[in-house]
Each structure stands twice: as C-alpha cells, then as structure tokens.
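Asks: Position chain F relative to chain L; hints supplied.
Protein chains in written order, with this note's numbering: chain L, 1 to 360; chain F, 1 to 272.
Accuracy of the hints is not assured; some may be wrong.
When the alpha-carbon atoms are kept at most 35 Å apart in a straight line, the in silico DSBU-like pairs for lysine-lysine are as follows [what the hints assert, rightly or not]:
#1 K187(F) with K235(L)
#2 K30(L) with K187(F)
#3 K187(F) with K200(F)
#4 K202(L) with K114(F)
#5 K30(L) with K235(L)
#6 K200(F) with K235(L)
Calculated directly from the structure, the hints in this document are not laboratory data.
Spelled out, the chains give:
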Amino acid sequence: MDVDKSKIENRKTQIEASGIWTLAEAAGGKILPVSFELLARGRALAQKRGVRLTAVLMTDRADPEGLEELIQRGSDAVLLVEHPALEHFLVEPHAACLVELIRRHHPEVVLAGATSTGRTLMPYVAVRVDAGLTADCTGLDIEPETGNLLQTRPAIGGNVMATIETPTARPQMATVRPRSTRPLPRETVRRGEILRQAPPAKLASRVRRLEFVPLPDARTIADADVVVSAGRGLKTRQNVRLVAELAEAFDAAVGASRDVVDRGWLDYPHQVGLSGKTIAPRLYVAVGISGAIQHLAGMQTAQTIVAINSDPEAQIFRVADVGIVGDLFTVVPMLTAAIRKAKELNAEDAEERGEKQDKE
Amino acid sequence: MRIIVPIKQVPETGAVRMDEATGTMVREGVEAIVNPLDLYAIELALRLRDSSRSADGEGNHEVLALSMGPPKAQTALREALAMGCDRGVLLSDPAFAGSDTWATSNVLASAIRKLGEFALVICGERATDGDTGQVGPGIASFLDLPLVTYVSRVRSFGPDEMVVERLVEEGHEVLAMSLPGVLTVVKEACDPRLPTLRGKQRARQAELVRWGHQELGLAREKVGLAGSPTRVVRLHRPSVARQCRRLIAADEESAALAVRELVDILRQKNLL
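Next up, chain L with everything else stripped away, as it sits in the complex:
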C-alpha cells in the first residue's frame, strides 16, 4: 500500500518535466529513417509548446555524420549513450539506459517508432517510470498551456479513431507509426549539441543474440512506388490472380487487406493497415477493399489513391482520388489490358524519341 501511494505522488511531481524527446534507431552504425520521421513530429510539438527537441541515441558506436543529420533534420540536441552492450537491440540494457536518462532529465514527452524495437522497449520502460503509453499513434498534437499530448490512433479494431491523453503522469510516452509522416528536409545550417551520457553502472541482459538471418531480397510493399491491393471483394483465393496481373502491368507490389491475409489468400508481409504495414506509395490501387479504418490507417498518405469497388457506400471512396464504382471482375481485366497497352505505347514513344535524338 505504501509503495502504491508513493508511486501516485511520483506521477504528480513528474509534471515539472520539460522537453520533447524522440528515440533514434540505428543499425550497423547507420541511423534509420524512422528516426528522422519522429523528429518531424517532435519538431512540430516542440515549436507549439516552446521547448527543446532532443533525439536520444543508444548505440555501440555513433557515426558522426548520423549525429549531424539528427540535428539537421530538427533536433536541438542529441543525448548519446555509447556502450558495447547496445550494439543490437536487447530490451534490458536499452530500457536500463532510457529509464536512467528519463530519471536524470525529466522529459515531458518521449516518442519512439512503432517498430519491433519501439514497441518492445517503450512498454518495458513505461512501467518502470510509471508513465502512460499510447501505441501506434497516427496523429499527435499538444496543448501549449498544459503540455498535454493529444495522441490519436485507430481503436476498436480500427473502426474508429480515439484521442488519448495522459493528464497527470509524465513523461507522456507514445509510439508512432513508421512512414505516417515525412522527414524534414536537411538544413545544413542548423546547429545543436551532442550531449554524451554515461550509461547506468549495470547493463546486463538475460537475452543473448546468437545470430541474425536477413530476409531474402524481394519486392516489398514498404518501398514500392506503386502498390495494388486485394480485398475481400475478390471472393476466392484464385481470384487474387486478377490483382497480381494488374500489379504486374503496373510493375507494382501486391498488397492485401487484413481479411485477405486472415483467410490465407496472401501472406502477412503483404498486409497493409494498422496490423500490417503503413505505406505511402506514389500510387495505391485498392481492389475490392471496403476500407475499414484499420486499413485506411495504413495507406491514406499515398500520393494518389484509386479504388475499385461495387459498393458505392464503401468507405474506401472517402479517401480515394479516383473511384470506379462497378464490378471488379469486369473492370480489373480491362484496366490490366489498358495499363499494359499504355506502357507499351510509352516504351514505343521513348524509342522514337531515342531514334530522333540519334538522328540529331
């Protein structure tokens, strides 16, 4: 009982906290893009609140150019902990460091990517520092006076958006969907401090990394320019072929809604949405996808969205730039043929231009 009481008081006193932190992730010495996306989010919050933005980097060895890029893409300072035990992500040593930094500096907000690392580290740390944590946010805002972070995320299986606050506890912790925002451009004139921090005395881990097996190189939906996705409207596993053929015509990657993956028509790496991948391709084509919020959360930042669905009321049309309302079994084969033809014409045009240039 006594312990409980002191913890509640602790939550209140932490309200003195100040400053926005974002977690930088590195692999093999190189800073990962999600770190810069978080800085773009953090920059907006820090500006509105009138406080400093700090990137936290825990690694075995920091690459000086990477540190510079953290500053140039928005942070005022980098808190750097270097230790051999931080070479790979293992939750215990990383959590021990972050807990120590939070206790030393009392940030009001700590953001991490909703990556395999962030989603493991943040809940482990939030428990230790008695903080509120919101998973997988797609929107963040801050009240300038109270400093309350307004964390928006899809809820109830993605059927609705919820805004979540952490009114009394500090820091306010959140993980943020990767690729849900773009990094700020590099400003080479920006200056900031690199603050080296001693790690805690003990950095033990009861988990050892024995080996790493990288994925074979394959076209993934995460980095494709064009993604064509299959939804339940395809009705059978065999019909997914229609989407695969359209994707081939576009030279695109094949995506899928959760329904399609749950039914085993396509594998999990194809899944777009809250419980799959968030992507922002130049063109997204949704075929037979109704558009549950859980799916929309994963693709609505695409530059151009095309939807093909027979239901004029389908939610997907609310986020689409172009919608074809009609039977996909009629429309998709026609579209595949039309795209193939358009690409052939393009290729011929290019050849002609090439020939002209040769003559000139």
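Replies: Positioned in the frame of chain L, the structure of chain F alone reads:
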C-alpha cells in the same frame, strides 16, 4: 514446470459496425471470442508442455490460462481449457473496469506473482480490439523478467534457457533467453488446434479460480481507470481528406469508358 498464458476476451472485430448517426459502436449481436492472436500463445504453451512431459516422463507440467475481464470472460478461459490448458484463473473485479495497458499489466503481473513458480509466460502479439501489443512487455517489466517479442519459432526449450527466433523488419534474430522469461508470439509460431469434444466437456465442469484486487493485494487506486495513466478523451470518425472523382461502371460499355478515363488521369499525374 509451469507455463502461464494470459488471454483476453475480445469482440469479433470483423463484425463491429459503427452507427453513422451517433458515432458509437454497435455491440448488438457481436460475438465475444478469445483474442485470435492468443490462440497461438496457447498452442505454443501446450506444445512446450507436452514435449517437456515426454522428455522427463511423469514430471508435473501444466499450462495455466489467465484472463482479466468481466465475469463472462470465463467463457474465454473455458475455451482455453477445451484446447488443453490445465487450469484457468479469472481476474474479475468491478474495480478493474477502464484499465489501460499499464494497469492491465500490473494486475496480470500481480496474479502471476501470486501463482508462484513458473518457467515461462507466453502472450499473443496483441489483442485484436486494442491493437497495442503493450501488455506482454508490460508484464515482463513488472516482474523484472527477460523478454523476447515477435517470436516466430522456438528452437529449444529448457530447463534453464530457451532459444527462439524473433521476427523483425529486416529478417529474424536468433536469441537465447534465460528462464523464467516472457515471450510474445506471432502467427508464424504454430497452428492453433481446435478444442476436442472431451476437452469441451472437461472445460464445462472445470472450476475456475477468481481473484479481485484484494486477493492480489492491489490498492483500489492502482487498478482500473483510477490506476491508468492514460485516458480516452474523444472518439471520432476520421474526416474525409480527398475529393473522390467517381466513375460509374454499371456495364461493359461504361466500364470501358471508366477505365479509359482512369488511364488518362494516371497519365496526367505522370503515374504511367
């Protein structure tokens, strides 16, 4: 050797619909099920129990399912028993209502502590309703245990250490974790079995232990909404950001026109 599997009863989210007029969830007729991703945790626990059993004969090996929820969450526990879990513990107390992931992890960790010795806690990757994936790591942190998330395969198990594969963005890691410890597992780990008829009969008759905040020695202000640092302040449908150009393809002819127009738009946008 004991393995503990915390599970959650969730609404069948595929069936959840929103009332457009009021913006609230239509709960009527929505079935309550065991979180589908918890089935993989149950299955893995049963397999590890059975392989340990056959390895050392008659030793005392059990899988214990644990669930925090309203009294009706006992049906989720009975489903776990029907699949083959040995015992079920229901953590149910009106004071637990409104728990966020911090408070939920605290209750589950307190119950696990009270249960005594164990080798392993296995959690599903996340629940399909809340979609946070924070409770498994939270339990590990409260219990000060080692943790491996996103486990896609167990290579070896026990007695003092286990070797697992962990799925990450660029591939998979092979990790050795000392026991006791906590895992969260993904779908790739195994295929959940269906309950047997005998299992169902046994589950129906099984007695479930039920604990509230007092049995767990937790102060009322540390559980439920009172013990939760986060608050949901608003629920809303997202606003529409784009003007959709609608092309109607009612028959072959209009479909051909729609396709032609779409190709023109894509060409103008330099997407072909």
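Asks: With reference to the structure, classify each hint as holding or not holding.
Replies: Verification of the hints:
{"no.": "1", "hint": "K187(F) with K235(L)", "result": "23 Å, holds"}
{"no.": "2", "hint": "K30(L) with K187(F)", "result": "30 Å, holds"}
{"no.": "3", "hint": "K187(F) with K200(F)", "result": "24 Å, holds"}
{"no.": "4", "hint": "K202(L) with K114(F)", "result": "28 Å, holds"}
{"no.": "5", "hint": "K30(L) with K235(L)", "result": "44 Å, violated"}
{"no.": "6", "hint": "K200(F) with K235(L)", "result": "33 Å, holds"}
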